[in-house]
Amino acid sequence: MSAKIRSILKSYAFLRLIRAIVIIIVVISISFFIVRLMPGNPVDLYIVYLETTYSMPYQQAKAMATAIFGVNLNEPLYKQYIEYMINVFRGNLGRSMFMNGMPVIKIIAQYLPWTVFTVGTGLLISFIFGILIGMAIAYRRGGILDSIITILSSVLNSVPNYIIAMLLIIIFGDYLGVVPFSMLRGAYSSNVIPGWNIPFIMSVIQHAIFPIFTYVITTIGGWILLMRGSTISVLGEDYITVARARGLPESKIMTTYVVRNAILPIFTNFTIAVAFIFSGSVLVEDIFVYPGIGLRLLQAINQRDYPVMQGIFLIITIAVITANYLADVLYGLLDPRIRVK
Amino acid sequence: MSNSELILSIRNLTVKYRSRRGYVNALRNINLDIYRNEAIGIVGESGSGKTTLALAIIRQLPNNARIVSGSIIFYNDGNKVDLLTMNYNEFRHYLWEKIAFVPQGAMNSLNPVLKIRDHFIETVKAHNPDASKEEIVRKAREVLKITLLDPDRVLNSYPHQLSGGMKQRVMISLALILNPAVIIMDEPTSSLDVVSQKIILQNLKDIMRMFNVTMIIITHDMGVVAEVANRVVVMYAGKIMEVGDVESIFYNPLHPYTQGLLKAVPKLRGETELYSIPGEPPDLVNPPSGCSFHPRCPFAMDMCTINEPSLKEVNKGHLVACFKYET
Amino acid sequence: MARTSLRKTYGKALSRTKENLIEAFHALVEDKLAMSGLIILIAFVLMGLIGPFFIPPPTPSPNIYAPPSLQHPFGTDFQGEDIFAKIVYGTISMLIIAFVTGIFITIIAVLLGSIAGYFGGYVDNVIMGLADILLAIPQLPLFLILAVLVKFLNIISLALLISALSWPTAARAFRSQFLSLKERDFVEASRLLGFNSLEIIVYDLIPNILPYILINVVLNAVYAIYIVTSLAYLGIIPFESNNWGIMLYQAWAFGTIYNKRTFMYIMAPIGAIVFLQLGLLLFSRALEVIFNPRVRTGE
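Chains A, B and C supply the protein sequences, listed in that same order. Counting in this note's numbering, the first sequence runs from 187 upward without gaps. Counting in this note's numbering, the second sequence runs from 33 upward without gaps. Counting in this note's numbering, the third sequence runs from 991 upward without gaps.
It is possible that some hints are incorrect.
[Claimed, not checked] Calculated pairs, EDC-like style, for lysine to aspartate or glutamate (alpha carbon to alpha carbon, straight line, at most 16 Å):
1. A:Lys248 - A:Glu237
2. A:Lys438 - B:Asp150
3. B:Lys157 - A:Glu436
Calculated from the structure, these hints are not laboratory results.
With these hints in hand, go ahead and build the complete structure from the sequences.
Here it is, written out as C-alpha cells:
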C-alpha cells in the first residue's frame, strides 16, 4: 500500500518536473529566436560592427560571431537552434563580447550566488514572518492591531521596491547617518579574505543585510494579507469546531489544523512572488551597488553585450522555474488531495 | 420510559448573538431535562435555535454569541457539575469523553490533510496521552465496523477519498471511540442521498441498542425523529413549544406549530398535496410580542399577542406552551 | 427571441447600484480609507489637468540646485528647472500610461480568461500554459532586454508591450470567476434558448463581473506605474523628460541625497509615486465599497 502511494507521489513530482522542463525549453527557444530573428538582430549587428570598426573581412567576422554567440552561422537555422539548445543544457552560453571573450557561464557563476543568497534569504524571511503575522492577526481579527497591520501591509505592498531601497539609504545613511552605505558597496569588504572565516562571513552579512531587508519589506505585506484571509476562512471551517469539540488542545489545533490548511492556498502565489523578487533584484542591486546578477545584467545591457544579457536572462528564468518547482513539490507533500487521487 | 435517571438538565438558558442589526435572540429561557440512555429528537425550522442549543452544551458557540443566563447541569457518576461555569481546561476533558458532537453536514468535519487513522489517534491521545497507537487502532476498527465501514480501507484514507455518507459514518464512529455518555447529532442525514440516509439511521438504531448512550438528534426532518427518537422537543423562534414522547407527539400533537410540522411531512397514503405552514419564520432581532408563533397560528387569540405562554404539563410527560390548553 | 441592446445590458449591470446610489455614497463617506483614496486620485487628476494652466512649464535656468523657496516649492534641479513644475507636468502622462496600460491588461485578461474559463479543455490548457510561461519570466529583465532590441517609440507602444506580457495574473482570476459563473442557472437558460457562446459571454457573463473588472483596471494601473517608473529610472524610456522615474534617476545619480539643500529633489518624485500608488489602491477599495454591498456591510 505504502509503496503504491510512494509511486503516486513520485508521479506527481515527476509530472511537475516535466512541466518545469517544458517551460525551460520554451523560454530557451524564445531567447534564441528573439536574438536570431529580430530585425537588426545582435548577431548581424556584431558582424557589421567588426567589419566597420576593425575592417575585418566578412568571413572572419562571421567566424568571430560564431565563437562569441555559440551558434554556427553557416548551418541552417534549425540546426543552429538544436545546437544552441544542446549547448545551453551543457552550460555553454556563449562568450562575452568584451572581457576577452570570457565564457558567460563563468560570469554567471561569479554573480549569481550573491543574488540567490540575498533574494532567497529575503524570500524565506518574508514568507515565514508574513505567515506568522498574518495568522496572528487573523486570530485577533477586528482588533486594533489587526487594522493597523492590515493597512500597513497594503501600504508596503504598494510602495515600489526601489523606493524602499532609496528611503533606507536616505534615512539610515543620510538623515540619521548611522550606516556608511558607500562602504557597503560590493558583496564584502576588500580587507577580508574570502573563505570560511569570521571576518569574511560578518562582512558578507553586513553587505547583504540592506538588500535582504528591502526584499523583506516589499514582499511581507503580500504574505500577511494572503495568510490573514486564508486563516480567517480556515477558522470558519467545520473541522476546526469539531477539533475543539473533540477536546484537542489549542496548540495542536493551531499546528495541524489551522497552519497546515491555511498555508496551502498561499502556495499558488509563490510563482508570482519568486518572479517578482528576482525582477526587483535589478533595481535593488543597482541602488545598493550589490554585485549580483541583476547589476551585472544592467551592465551588460549598457554595453550591449548580447550573449551575457541572453545568458543572464535565461539563468534568472531558470532560477525562478526551479524555485517554483521546489514549491510545487513541497505543496504536493503538504496536500494529500493533490498527491493522492 | 422505565429509566428516568437525569443526565443533562438545562435551566433558563438564554443565548444572544451580536449582529449589525442588533441582538439576535437565539435561545430564550430554555428549560429541558434529558435522561440517561434516551434518544431525544430536537426539531424545528432553521433558525429555531436547535444548533445553538447543541453548541451551547459543548461550549463552542461562535465569538459573537453571549450566554446571557442559565446553567447546564451534567450528572456525572452521581456528581452534579455545571458545564457552563466550569474552567475550560477542565471542561476540555468532558468534551468527547462525556459528550461527543457530530456537526451538520459532516463532509467538512474532518481535517483534509490528515488520514482517518490519525483522527482517531489524536482524539484518543488528547484525552489519554499514554494510549498506544496499536490499541487505539484496534478500538477504531471496532467502532468503524459498527457503522458498517471497512476499517482497512477507511483508516488509511484521506477525507477526500471518502463519499459524503462514508464521512458521516466515520464521524459517528469517531464519536464512539471514547465511549461518551452523550452524543449530539446535528442534522445527521441532511445533504445525503437516500441510501446513505437509510444506512445512517440504521447505524443510529444499532448504536442505541449496543451502547449505554444518550443521543440528542437535531433535525428538521420529522421522518428522522420518527425512526430513532423516543422523545421529541419542538423548538420555534428560540423557544421550546412542546415536549413529549414520540407517540404523543405524532398521534396527539398539541401545539399548532407541531401540528403544522406534521402536516408538512410527506405521507405514503392520504392527501397528495403537501401542507406548508403559512407566513414567514420570525425575525429574531425583534421577535413577535406574546407567543412568537401567533402571527402564523390559525388559532391565535387576543391574549396570544400580549402574553407569552409557558411550558405546562398537559398529559403525563407531555408539555406544551400554548394558551389553548390553559383554562 | 430578441436580446436587449448591449447598452441596456451594461447600463443595468451598473445601475443595480444606481438605484441605491445614495446608500453607496453614505457608505463611501463613512469609509475613511476609501474616501481618502478617491480624494487623492481626484487631486492628482486635477493637478495633471489644470495644473499646467497655472504653473509655467519647467525651463532651464542658471539657478541650479536651488533649495525649496516660495518661488520654487521643491527647489530646482541640475538644469535649474522647477521641480514642482516637473512633477505637475509629469502627472498627466503618468495617469494616462497607468490607466491605458491598466485597461489594456484588463481587456486582454478578460478576453483570454473568459475564453479559457468558458470553453475549458484544450483551449484552456493552451492559454493557461502560456500564462504559466509568462509568470515564470521575471518582467523587468525581460523589458530591459526587449528595450535594447526594440525601440519604444511612445507611450501607447510601451503600454501595449507591458499589457502583452502582464495579463496572466488577472487572466487567472477572471478564468476562475468564469468557471464558477458558467455553471449558474441563468447561463444554462441562455444556452437552452439557443444563444451562442459569444452572446452568452458578452450578455450574461461579463456584466456579472463588471464591478470586478473595474477594480482590476485600477489594480493593474498600480502595477503599470511600478513598471513604467522602474523602466524610466533604469533609462529605458527616453521620450518622457518629465517622467517621475527619470527625475528619480537624475536626483539619485547626481547624489542629491547627500546635500540637505537638494533633499526635496529626490523626495518630490518619491512622494508623488508613493501617493499616487496609495491613492489608486485606496480608490480600488472605494470601488469595492460602491459596487459590492457585502464589503459595505462588512460581512
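Hint by hint, here is what the structure shows:
1. A:Lys248 - A:Glu237: It holds: about 9 Å lies between the C-alpha atoms, which stays within 16 Å.
2. A:Lys438 - B:Asp150: holds (13 Å)
3. B:Lys157 - A:Glu436: Judged against 16 Å, a Cα distance of about 14 Å means the pair holds.
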